[in-house]
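Undergrad: Spelled out from the first residue to the last, the chains are:
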Amino acid sequence: MLQPQDRNRFEQLVVPHLDGAVNLARWLLRNRDDAEDVAQESMLRAYRFFDQFRGGDARAWLLQIVRNSCYTWLQKNRPLELMTEFDEDLHVKPSANPETLAAQADERQHLKRALESLPPRFREVLVLRELEECSYKEIAEITGIPMGTVMSTLSRARERLQRTLTAAAIREVS
Amino acid sequence: MTCDLMSTTLHGYYDGELDAVRAAEFEHHLEQCSECRILLAETRALGSRLRQNDLYQRSSDELRQRLQKQLGLAKPEVQPQFQFQRPTRKGSLRWLLVPAFALATVAIIAVIARFPVQQRVVASATASELIDAHVRSLQPGHLTDVLSTDQHTVKPWFDGKLDFIPPVSDFTAQGFPLVGGRLDVLNGHDVAALVYGRRKHTINLFVWPARQGEASVYGWGSREGYNWGMWQAGDMNFCLVSDAAQADLRELQQLIHP
Chain F
1195 MLQPQDRNRF EQLVVPHLDG AVNLARWLLR NRDDAEDVAQ ESMLRAYRFF
1245 DQFRGGDARA WLLQIVRNSC YTWLQKNRPL ELMTEFDEDL HVKPSANPET
1295 LAAQADERQH LKRALESLPP RFREVLVLRE LEECSYKEIA EITGIPMGTV
1345 MSTLSRARER LQRTLTAAAI REVS
Chain P
30 MTCDLMSTTL HGYYDGELDA VRAAEFEHHL EQCSECRILL AETRALGSRL
80 RQNDLYQRSS DELRQRLQKQ LGLAKPEVQP QFQFQRPTRK GSLRWLLVPA
130 FALATVAIIA VIARFPVQQR VVASATASEL IDAHVRSLQP GHLTDVLSTD
180 QHTVKPWFDG KLDFIPPVSD FTAQGFPLVG GRLDVLNGHD VAALVYGRRK
230 HTINLFVWPA RQGEASVYGW GSREGYNWGM WQAGDMNFCL VSDAAQADLR
280 ELQQLIHP
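The listed protein sequences correspond, in order, to chains F and P. If you're matching positions, the first sequence starts at 1195 in my numbering and goes up one per residue. If you're matching positions, the second sequence starts at 30 in my numbering and goes up one per residue.
FYI, nobody ran anything at the bench for these hints, they're computed from the structure. Where a beta carbon is used, it is the ideal one built from N, C-alpha and C, also for glycine. Some clues are possibly wrong.
[Unchecked claim] Counterexamples of contact, computed for chain P against chain F with all Cβ distances above 12 Å:
id	residue
1	Q61
2	R80
3	G101
4	P185
5	D264
[Claimed, not checked] Under 7 Å between C-beta atoms, here's a sample of chain F residues computed to sit facing chain P:
id	residue
6	L1212
7	D1213
8	V1216
9	N1217
10	R1220
11	Q1234
12	Y1241
13	D1245
14	F1247
15	E1301
16	R1302
17	Q1303
18	L1325
19	L1348
[To be verified] To list a few chain P residues with every Cβ distance to chain F over 10 Å, as calculated:
id	residue
20	D48
21	E60
22	G76
23	N82
24	Q99
25	R165
26	L172
27	T173
28	D179
29	T182
30	W186
31	D188
32	Q282
So that you can see chain F by itself, here it is in the shape it has in the complex (with noise of 0.2 Å):
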């Protein structure tokens, strides 16, 4: 059980990154409810682990119990996720239905399939550097990359986006 000035601070420090929490496990499970539960279960993990904070930045240090705690929740309901490796792409089925369809022609649509398509170790610092905009610094302690091989996993994963929004494009097309 915390003391009150340390409920405070994780009030004003931890509890503000919230929707960071939400974002970083919605792109890594690539589902609302999931990420919503493992956010959740993050929130009171880091609250009960709260006296190990050390100071710094807080929202690197949630964000790391977030991804520990998305992966830890893929190995155990989806294993072979995690097995693809980062020369191949996830093969996202494409749904067939007429609303599906009609949405593909949306960007929105495109950059979500294309960013969930990319292995989950791509789409995090994918998510991390351009949505969350963390510093290299900051990936570097959410992902446990070593510091200098952020900027080449950051250059490797928009080269694949890149690739994949490209084909799909030509798919369309033709």
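Got chain F; can you put chain P on it based on the hints?
TA: Structure of chain P alone, referenced to chain F:
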């Protein structure tokens, strides 16, 4: 340096993560390598697409409330994201009813703990928005609505188009020629944009009235190879954005507000 090496470095440059020496090296390379120039433009476009398509997934209110209950926390507050909000009269009366100790607690927390956290969120939202506005302005035909190096032409042009008049000065003699002006929109609000040149660079100066209760970030920063600086003077906010060096922007700030 080969281009293979550069294609990785390019991402560090785009992300604003290179030290000054490596950034300068890369800029030097960029002048000679059209391949890297194209790749940088593509990377920039991809980043904007990702950020502008509402892909960020926020927490639902249900989850917020659930956690609030489970953790026994006070009511969560909505984080300002560079929003302009006037406190309403009703709101301020309600404040008076809050017991003094609560007010004091809130004040202390706001000053000590909450402010840096909020500021950081606001700062990142603001910076990317400013840079997007700057990049947008560089598209063909978007830079100026009134093309004139004469401050006496540019200033009256804003009259009647905005509910405020921005101060307009030309600094050609100091190396910052006035190029023109245009209307722009930042976060849904009309702002005046003045365009200055600096050697081969274009500088946007955004001006808009400071509003009470607005979450504002003043200071300097850089992102994606762009520099920005924001400050308040009188009842106006001023913001410079450019790919020109930060030192140049600070110099221009000194000229605008000595």
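Undergrad: Could you run down the list of hints and mark each one as holding or not?
TA: Results of checking the hints against the structure:
Look at P/Q61: its CB is around 20 Å from the nearest CB on chain F, clear of 12 Å, so calling it non-interface holds up. For P/R80, the requirement that its beta carbon stay farther than 12 Å from each beta carbon of chain F is not met, with the minimum near 6 Å. Non-interface status of P/G101 relative to chain F is broken: a Cβ of that chain comes within 12 Å, the nearest being about 8 Å off. The claim that P/P185 is not at the interface with chain F holds, since no C-beta of that chain comes within 12 Å of its own (minimum 40 Å).
At the 12 Å boundary, the C-beta of P/D264 stays outside the reach of chain F, the nearest C-beta of that chain being 29 Å off. Interface hint status for F/L1212: upheld, as the beta-carbon distance to the closest one in chain P is roughly 5 Å, under 7 Å. About 4 Å separates the beta-carbon of F/D1213 from the nearest beta-carbon of chain P, less than 7 Å, and the hint is met. Proximity of F/V1216 to chain P holds as hinted, the smallest CB-CB distance being about 4 Å (cut-off 7 Å).
At about 5 Å, the closest approach between the beta carbon of F/N1217 and any beta carbon in chain P falls short of 7 Å, and the interface hint on this residue holds. Contact between F/R1220 and chain P, as hinted, is supported at the beta carbon level, the nearest pair being about 4 Å apart and thus within 7 Å. Hint status for F/Q1234 relative to chain P: holds, with the closest Cβ pair at about 6 Å, below 7 Å. Annotation: interface hint on F/Y1241 holds; nearest CB of chain P at approximately 6 Å, less than 7 Å.
A cut of 7 Å between beta carbons decides the hint on F/D1245: the least distance to chain P is about 15 Å, and the hint is violated. Against a cut-off of 7 Å between C-beta atoms, the interface hint on F/F1247 is violated, since the closest Cβ of chain P lies about 13 Å away. Among the interface hints, the one on F/E1301 holds; its C-beta lies about 6 Å from the nearest C-beta in chain P, closer than the 7 Å criterion. Proximity of F/R1302 to chain P holds as hinted, the smallest CB-CB distance being about 4 Å (cut-off 7 Å).
Proximity of F/Q1303 to chain P is violated relative to the hint, the smallest CB-CB distance being about 9 Å (cut-off 7 Å). For F/L1325, the suggested interface contact is upheld, since its CB lies about 5 Å from the closest CB of chain P, less than 7 Å. Hint on F/L1348 holds. Least Cβ distance to chain P is approximately 5 Å, under the 7 Å limit. With a least CB separation of 12 Å from chain F, P/D48 remains clear of the 10 Å interface cut-off, as annotated.
The claim that P/E60 is not at the interface with chain F holds, since no C-beta of that chain comes within 10 Å of its own (minimum 21 Å). Listed as a non-interface residue, P/G76 fails to keep its Cβ farther than 10 Å from every Cβ of chain F; the least gap is roughly 6 Å. Some Cβ of chain F comes within 10 Å of the Cβ of P/N82; the nearest lies about 4 Å off, and the non-interface call is violated. Interface exclusion of P/Q99 from chain F breaks down, the closest Cβ pair being 6 Å apart, not more than 10 Å.
The beta carbon of P/R165 is kept farther than 10 Å from every beta carbon of chain F, the shortest such distance being approximately 17 Å. Non-interface status of P/L172 relative to chain F is upheld: no Cβ of that chain comes within 10 Å, the nearest being about 25 Å off. Once the 10 Å rule is applied to beta carbons, P/T173 is consistent with being away from chain F; the minimum gap is 29 Å. Against the 10 Å criterion, P/D179 stays outside the reach of chain F, whose nearest CB is about 40 Å from its own CB.
At the 10 Å boundary, the C-beta of P/T182 stays outside the reach of chain F, the nearest C-beta of that chain being 39 Å off. Against chain F, the non-interface label of P/W186 holds: every CB pair exceeds 10 Å, the least being about 35 Å. The Cβ of P/D188 lies farther than 10 Å from every Cβ of chain F, with a closest approach of about 38 Å, so its non-interface assignment holds. Listed as outside the interface, P/Q282 is consistent with that label: its C-beta sits roughly 25 Å from the nearest C-beta of chain F, beyond the 10 Å cut-off.
Hints 2, 3, 13, 14, 17, 22, 23, 24 from the list above are not met by this structure, while the remaining hints are.
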